[in-house]
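S.K.: Residue numbers (the numbering used here), protein chains in the order written: chain A, 9 to 285; chain B, 11 to 270.
Since the hints were derived computationally from the structure, they do not count as laboratory data.
If you're wondering where the values come from, they're calculated on a predicted model, not measured in any experiment.
Glycine included, each C-beta is placed from N, C-alpha and C at the ideal position.
Treat the hints with care, since some could be wrong.
Said to hold, decoys possible - Stretch-level coverage of chain B by chain A, calculated; a stretch enters the list once three of its residues show a Cβ under 8 Å from a Cβ in chain A:
1) 14–20
2) 68–77
3) 123–130
4) 136–149
5) 224–231
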Amino acid sequence: MKYILEARDLYFTYPDGTPALKGASLAVEEGKRVAILGPNGAGKTTLFLHFNGILRPQKGKVLYAGKEVQYDRRFLKQLRREVGIVFQDPDSQLFSASVFQEVSFGPMNLGLPKEEVARLVEEAMEATEISALRDKPTHLLSYGQKKRVCLAGVLAMKPRVLICDEPTAGLDPKYARQSMELFDRLHQRGTTIILATHDVDLAYSWADYAYFMEGGKVVGEGLPQEVFRDTRLLESCNLTRPWLVEFFELLCSQKVLPEDSSPPRNREELVQLFLAV
Amino acid sequence: MLKLDCFAYTNALRRVHPGEKLAFALLSMTACLASAGPLVPLLVLALMTVAITRGARVPGHVYLKLMLVPLGFALAGVVTVAFNLGRAGSTYLFSITVHGLTISTSYADLYRAGLILAKSIGATSCLYFLTLTTPVVEVACLLRKARLPALWVELLCLIYRFIFVVMETAEKIYISQSARWGYSTLKNAYRSLGQLVSVLLVRSLHHSRALYTALLARGYDGELQVLEERFEVSRKNWAFITGTGAVLFFLGLAGRGWPF
Chain A
9 MKYILEARDL YFTYPDGTPA LKGASLAVEE GKRVAILGPN GAGKTTLFLH FNGILRPQKG
69 KVLYAGKEVQ YDRRFLKQLR REVGIVFQDP DSQLFSASVF QEVSFGPMNL GLPKEEVARL
129 VEEAMEATEI SALRDKPTHL LSYGQKKRVC LAGVLAMKPR VLICDEPTAG LDPKYARQSM
189 ELFDRLHQRG TTIILATHDV DLAYSWADYA YFMEGGKVVG EGLPQEVFRD TRLLESCNLT
249 RPWLVEFFEL LCSQKVLPED SSPPRNREEL VQLFLAV
Chain B
11 MLKLDCFAYT NALRRVHPGE KLAFALLSMT ACLASAGPLV PLLVLALMTV AITRGARVPG
71 HVYLKLMLVP LGFALAGVVT VAFNLGRAGS TYLFSITVHG LTISTSYADL YRAGLILAKS
131 IGATSCLYFL TLTTPVVEVA CLLRKARLPA LWVELLCLIY RFIFVVMETA EKIYISQSAR
191 WGYSTLKNAY RSLGQLVSVL LVRSLHHSRA LYTALLARGY DGELQVLEER FEVSRKNWAF
251 ITGTGAVLFF LGLAGRGWPF
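The following block holds chain A by itself, in its conformation from the complex (with noise of 0.2 Å):
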């Protein structure tokens, strides 16, 4: 198994005095849909800002393909560029007033070609379907559409890791929808997608593998349909079982299901299920 970004033993506390991470420790697989689950104020954001060498922990080590990261110039460079991170709040990532100089800017601090920038700003508009926004100042667009031109921002710089903070918070559905679809797109491609996500039904269906995170510490890993049937683990990060679980669950319990069928991962899948009996 080759691991992409792992994280051991971390140790933050911010200078305010208030500890963000206490021993936390995870290991991404390259390729993979991970999700990272957890309470408001669990560390996820902290631990996503460690993964890209802008926070360096107290104790503890991160490593990047193996590798272990190094703070000076150079490894940072190639680190932000490979690992790219989507924050939460859309009006704090955009700098500028221009949907296509916004785009640019990862791209032109890699110190590429201004053709082959262009192309790259092209293509993550594209990818985001912001092309039609181009013309549009950032502070006209809505929520949704600020939301795609920081991903299309992030894009642009072709990370080999893409994190996204609750990428799915605040959108309509259908946004939510063409995001999901993004994302499966890029896992496609390759790349290793991790996402922080309160949404437990979304994390359910969509991730390979998933984390959960409460109060600073990694407090349960697993395979989605294995953690998700753990209620204990899910109430102590107050989240509750998917539907689609606690839906199987009372089907099994009720004996309409055989009590070693495996979990449906989506609605189809259930249906699926509920035809073969």
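Fit chain B to the supplied structure of chain A, relying on the hints for placement.
M.R.: Only chain B this time, still in chain A's reference frame:
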């Protein structure tokens, strides 16, 4: 101000090279200010009015309303040029005496006032042309090309961007305050406004920190490098700009006040 900003992005001259628009506005403005008589300023006003309402397709009533703002200021200023206290020599046109105070005006005074009025209105119309047709971001590109220090241009762009963020935040806070009777009495209003301002400051600090983090995450290393959109350079436009500029300068300087 917000309306002005919206037109800058949606007007019909949006895709015209910003350099051409800037040159057009600046050349016309210089000709207007350098002119000896009121003819050129009036021509510039007419030219800009056509360029804004026909060229950029900004609705006439919007433009008229915008022009009324500086017109009010200009008129108030010009009154003091047109009228003198005390009888102004033998050339005065008329004078009135109220309670022993004589106010008079002469043909020369009126002419001078009219000239100043025409020049200021003409020059303002040029600035309106620029602001209504060219987004700030593109003006910033021109400034960058003009070799202004990168720091200034970056600051300009960041301030411009965050004016809107701060305004939006302030609006949201204001609405949530007034929904809870925050502005129901004068005393409440004072207190609420005070809180709004202090919260705004804290939020802005928070925003700037978050922005810095987000920039770092995309490889920021001290300079906000961005790719600027390319615009087609139009020979036709340049011919028009230099042509009108030359005619205006000729009329204003060589004509020496002709026909007035």
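S.K.: If a hint holds in the structure, say so; if it doesn't, say that too.
M.R.: Verification of the hints:
1. Using a Cβ-Cβ cut-off of 8 Å, 3 residues of the segment 14–20 of chain B lie near chain A, which meets the minimum of three, so the contact claim holds.
2. Counting residues of the segment 68–77 of chain B whose CB lies closer than 8 Å to any CB of chain A gives 0, which falls below the minimum of 3, so the coverage claim is violated.
3. Counting residues of the segment 123–130 of chain B whose beta carbon lies closer than 8 Å to any beta carbon of chain A gives 0, which falls short of the minimum of three for the stated coverage.
4. Proximity of the segment 136–149 of chain B to chain A, defined as three or more residues with a beta carbon under 8 Å from a beta carbon of that chain, is established by the 3 residues found.
5. Counting residues of the segment 224–231 of chain B whose CB falls under 8 Å from any CB of chain A gives 8; the rule of at least 3 is met.
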